[in-house]
Amino acid sequence: MAFAKQSGLRRAKRLLPALAVAAAYAALPALGLGGYWLDVLTRANIFLLIALSLDLYSGTTFYLNLGVPFTVGTSAYALAVLNKYYGIPVEYGILPAVLVSVALSFAIFLPSLRVRGAYFAILSLLLPIIAAGLVTSLPLSLYLGGEGGIHYPRLLYSYAMSLPVSERLPYLRLSYFYISVAAAAIAFAVSYKVAYSDFGFMLRSIGQDELLAEASGIDTLRVKLVGFTISSFLAALAGALHAAMTPPVTAEVFVPANTLVPPLTAMILGGMGTIVGPAVANYLVLIVYEFLWGVVGRWRSVFYMSLLIVLVLLKPQGVVFYVYLRLRKAVAGMIGKIRRGA
Amino acid sequence: MEELKHVLVFGLFHSATYLVFSLGFSLIFGVARLPNISYGALYILTGYITYALISQLGVPLYLAIPASILATIAASLAIGEVAIKPAIRFPVSMFITTMAVAYIFEEVFRIQMGLVPATLPYYPGTTFVLGIPVSNHWLLVVGICSLMVLALLAFLFKTGTGRAIRAVAESWEESMRLGVNPLRVLRITLLVSGLYAALTSILLVPLKALTPTAGWTPLFAAFAIVVLGGLGSVLGTAVASLIYGFAEQLVVFTLGGGIARVVPLVLIVLVLTFRPHGLFGRGE
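Listed in order, the protein sequences are those of chains X and G. Taking numbering that gives the first Met the number 0, I'd label the letters of the first sequence as residues 0 to 341. Taking numbering that gives the first Met the number 0, I'd label the letters of the second sequence as residues 0 to 283.
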């Protein structure tokens, strides 16, 4: 789906709506949004990276990578270990943690050299579940803190401590929100660019028919490897940022119900491989998730998994992306009408 | 020497239970062509139902066991209708649906039962095997497991229904051409595999604590065994169960139970690297 080259001005014009949405979103705190709901949005911004990671690789190639919590979790643990045992502050630990995690994540990719489809999916699911067991049992638990996890000072903590007591929490909240917004915006731009480039087209061709793609001269191994690396990078960044903002890190990050089910639901609800759909669906899923707490309490994750089954069976092509296309068409039509009238 | 004896005895015992569990798993795997991720959930389902009936409602053991087995079979058939049958042609869909079912069970038991391990009554007393004290319950387990394996073999190779199951596992289209209804066969395999998962659970839960996440260990073991033995080969599954049981117990006794979680992963990766079709599996 490579687009023809457009002139600079036209491209800037195309970007306008996206920039407007991003600006409005970033201005939310100035409009008075704060406290708990700002934390929810920060979390949603970080989960956007996971949803994009899943959609960019699994949504296009149909190699369903259920090992995403492994990437997220190893990155979070790497950050904590770097801080606790090597004294690296979390601010500087994020990038090394991401690199460590991406390197370890090739353990997920390795089996896909040999197997396809369902085999790959179940093998990738093995890793996070094993990792969750490993970090809480001997001998690793001695080193990684077991069920209690690893404690460390959070991101920007030392600076926040120099502020008056009443300003500390609002300062941290606001800066975390903007850091996560920046990460989400960059991740979205990168994913969109990759998914709709010639390279993204190659990823999709693997999803359609890998043998045919190879016969057409696509180096499928290289394409898969690069795609997987970009995708792991996003998930690892999400893990490191999340860990840096909400210590302590515990085995909960490896549990697929926490770090896989919401992004997976977002991907299916949004429309696999469309990037825009899962991104919007991610916010829908996570914000509705907060409201559900009041309605069904602890049963909300059961509710989401049931929703996932229903969606997969009845609307496997997704919902949000098609609503988005319809809306875009309607808006374009309206603008056209106004212009013609003027 | 003492440790080696432990590995031999307990490796053999574990192999027997893994064999029963993975035979049920490979039946579904063969017929549906895809691993049923929710199979481990049936294991915890039986355990918790029996536990709830005995400990919380005071139902006698001889009534609680058949009741929970029937409930598990019903659950297995329901999972088939909801999560497997509609998705059978789409690997990605079936994967997500069965995984979601597994997590629904896990969450429900996490909410209802908490994380405190549950357990079931066991057959008391100890016997010495090769000079090692072994709970009599283990001997009962091995006896019943052997009977279950023989029963399944007889069912698969001596009855018409068994032949139909093997035909569908061989080729869905061909079997339809020969007048077999694959969806009926799928229901029968769901029933049998539900029964086998339930029996494994009732036999094994008294020896291992039951937690909401306890279903994953046997599921991964079964998956590793089926991959190692080769899909569709009963002999392969038997040999692979032995290898898996001994390998796991060897790691447990030398490196500890925590590290033993890695055994299925390492085995699968080794098999896929050196013998992608498994020990007894046929090539494409």
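Heads up, some of the hints might be wrong.
Simulated coverage check for chain G against chain X, where a stretch passes if three residues somewhere in it have a Cβ under 8 Å from a Cβ of chain X [what the hints assert, rightly or not]:
1. 80-87
2. 91-105
3. 254-261
4. 270-279
FYI, nobody ran anything at the bench for these hints, they're computed from the structure. Note that the structure is a prediction, hence the values are computed from the model and not measured. All C-beta atoms in this analysis are idealised placements derived from N, C-alpha and C, irrespective of residue type, glycine included.
- Task: Starting from the hint list further up, note which numbers the structure goes against and sort them upward.
- Result: none
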